[in-house]
Amino acid sequence: MTCHFGDWVSAVLDCVRFRPDRRAIRRELEAHYEDHVKDLERIGYDHKLAQERALGAMGDPVEVGRTLDKVHKPWLGWLWLASKWGVLICWVFLLLSDPFWRLDSLRPVRRTGDYEPDGLFSFSAGTPERDDSIRIARGTGAQTVERVGYTVSVPYAAVWKCAKESGGTAYDEYWSTVVVAVDDHRFWDHGPKGIWRELEAADEHACVYRTQWDPAGGNFIWVRFDADPFRALAYFQICQLEPPGEWLEISYPYGEPWSIRIDWREAS
Amino acid sequence: MMNLPRWNRTQKTIRNLLGMALCLFLLLWSRGFPARTLEGLVTRAERQYLLDGSTLLLQTDSVGGGHELYLWNQGSILQVYYDHTWLGYELDAVRLFDEELGAFAGVDLAAGKQEGYYPIQLFVFGDLPDAASAEMDITLSYTSNQVVSTCTARGARAAENCWRFDLTRQHGDADTSQQARWEREIFAGSQKDRYSGTLRLYGENGALLETRDIGQFQRTTMRWE
Amino acid sequence: MKIDKSLMTGSTTLMVLSLLSRKEMYGYQMITELARRSDHTFELKEGTLYPILHTLEADGLVTVREKEAETGRVRKYYRITRKGLKVLEEKKVEWNTFTEKVNAVVCGTSPA
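Top line first, the protein sequences correspond to chains A, B and C.
Take the first sequence: its letters are residues 1 to 268, numbered as in our numbering.
Take the second sequence: its letters are residues 1 to 225, numbered as in our numbering.
Take the third sequence: its letters are residues 1 to 112, numbered as in our numbering.
Okay, chain A solo, but in the shape it has when bound (with noise of 0.2 angstroms):
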């Protein structure tokens, strides 16, 4: 490589104002002259003579700098070099901060469908309360009510009864299992998570059914909770529920207070 040609790239890459795209023009430009000056010695030309030819042939450095700088914007450069860092170190931002946790949310609550076998959430396989209870009535919510965005419901409720004995008396146990569900658009908000410890019941009979966190105590209690990012299913069962009447009401006591009534219909 001759110094004329070396300044004729220098002049070229002067014009050029991105610098890090320099390094490739030089090697690109540098390919073609070297190429030029083998072909010219191919065909018998000697050394300098070919490189004198090959130069001349190359163009105004000046002219050909300038449009290249015009096609290599420095706005477009400088971004390209700090998105492409920029997605390096947001990605491994992202794995330090473990995000796999939270796949399971991404698996879509059941909306529809019987919640039975399941119906009676806080037994064990094997024990009487599951193996010999039968439904014996079952009911949903009979409205809808929307707070701060959410629409609360009720889409299943069911009562259970067991047959038991105790000191040769026979007696019945009645249980009742209800899905309190919450839909609410904005995946990116928590849901009601606090809500989950202050819903009591009642029924027509006046017996209230205070949740287990009541510092008195209760038997309206919290099983299982399941949730994507635009529903929430809470899972409650009612312990030693009384022979049910009509109706068991579901009550929450703060904000804007609101209950959802359940009507009870025989269990085919």
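Everything labelled a hint here was simulated from the structure, so no lab data went into it.
Where is the CB? At the ideal position from N, CA and C, for every residue including glycine.
Accuracy of the hints is not assured; some may be wrong.
Derived DSS-like pairs (lysine-lysine); straight-line CA-CA distance at most 30 angstroms [unchecked claim]:
id	chain 1	residue 1	chain 2	residue 2
1	C	86	A	73
2	C	101	C	76
3	C	23	A	38
4	C	76	B	12
On the chain B side, residues computed to face chain C include the following (Cβ under 10 angstroms) [claimed, not checked]:
id	residue
5	7
6	8
7	10
8	11
9	15
We have chain A already, so just place chains B and C on it with the hints.
What follows is chains B and C alone, placed relative to chain A:
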């Protein structure tokens, strides 16, 4: 050496920027989409209990790191634990207190430092008679049994059935006693403070309506034994 | 025959795309092919080819890949894209219409 055909610079830049946007979205998702402002955090905390329109009473530090907010909403206190990171305000836990009589205290971060120390505020709330004014004899202790100072503070109404008492340092900067050192440590933000006291509520005519004893409690514990 | 530079402007892109529509080439190869096909009528200043090629790449009309040559140097091979083929067809139609109209005026022939 053969390489695959390349995208042009504009295509690569767009791809990278979309990759960054996706990554940022996943990062925000992994952290529960932190709120951008404190008001946003308060709204999310309220929504956990289907509430809105709360009043901020106190913004303070948590024992063990992080921060806490205390909000008043229709006679109940919302205790909100959160972290403030570069992504925003990450909600940790929210609890609702609906006490017959409750109290909490903490350094007031929102007020900022005054002469190098944060002010401390003590709040009493609950099923209280409608009073025109309140007063409280407050005993400040270092851990559970080292009395640091006692004072009588006048109350300011923070919300309906909620009174605020501002604590000031009783020992001067020149005081080199152990109590003074403990007091300076407490007002600088150490979490070894304990509070107890007697609350007095007065009617319009200055008549004493009620006296309530408040047993010793830690900085941000709502109940006491 | 030396052609007026102003006549070359605008048709260089058409010729480069045309060359690349047959096969992928590197810069010097395009220069020699252009000279050969035009019987050395079109011998543009070689350095000016690269701004054209880089512009075509930025516009998505060609893509680039690198390959090591016998000399050990890495050569950049340019290949036309689908978008480039589409633009080439449009430019061909444009060129044919242009030359037809110019001929109609210069040679006095009636338009088709």
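Consistency of the hints with the structure:
For a cut-off of 30 angstroms, the pair hint linking residue 86(C) to residue 73(A) stands: about 26 angstroms separates their Cα positions. With a C-alpha separation of about 38 angstroms, the suggested pair residue 101(C) and residue 76(C) falls outside the 30 angstroms cut-off, and the hint is violated. At roughly 23 angstroms between alpha-carbon atoms, residue 23(C) and residue 38(A) fall within 30 angstroms of each other, so this suggested pair holds. About 18 angstroms separates the Cα atoms of residue 76(C) and residue 12(B), which keeps this hinted pair within 30 angstroms; it holds.
About 8 angstroms separates the beta-carbon of residue 7(B) from the nearest beta-carbon of chain C, less than 10 angstroms, and the hint is met. Contact between residue 8(B) and chain C, as hinted, is supported at the beta carbon level, the nearest pair being about 5 angstroms apart and thus within 10 angstroms. A hinted interface residue such as residue 10(B) counts as satisfied when its beta carbon comes closer than 10 angstroms to some beta carbon of chain C; here the least separation is about 7 angstroms, so the hint holds. Proximity of residue 11(B) to chain C holds as hinted, the smallest CB-CB distance being about 7 angstroms (cut-off 10 angstroms).
The interface hint given for residue 15(B) is broken, as the beta carbon of that residue sits about 13 angstroms from the closest beta carbon of chain C, more than 10 angstroms.
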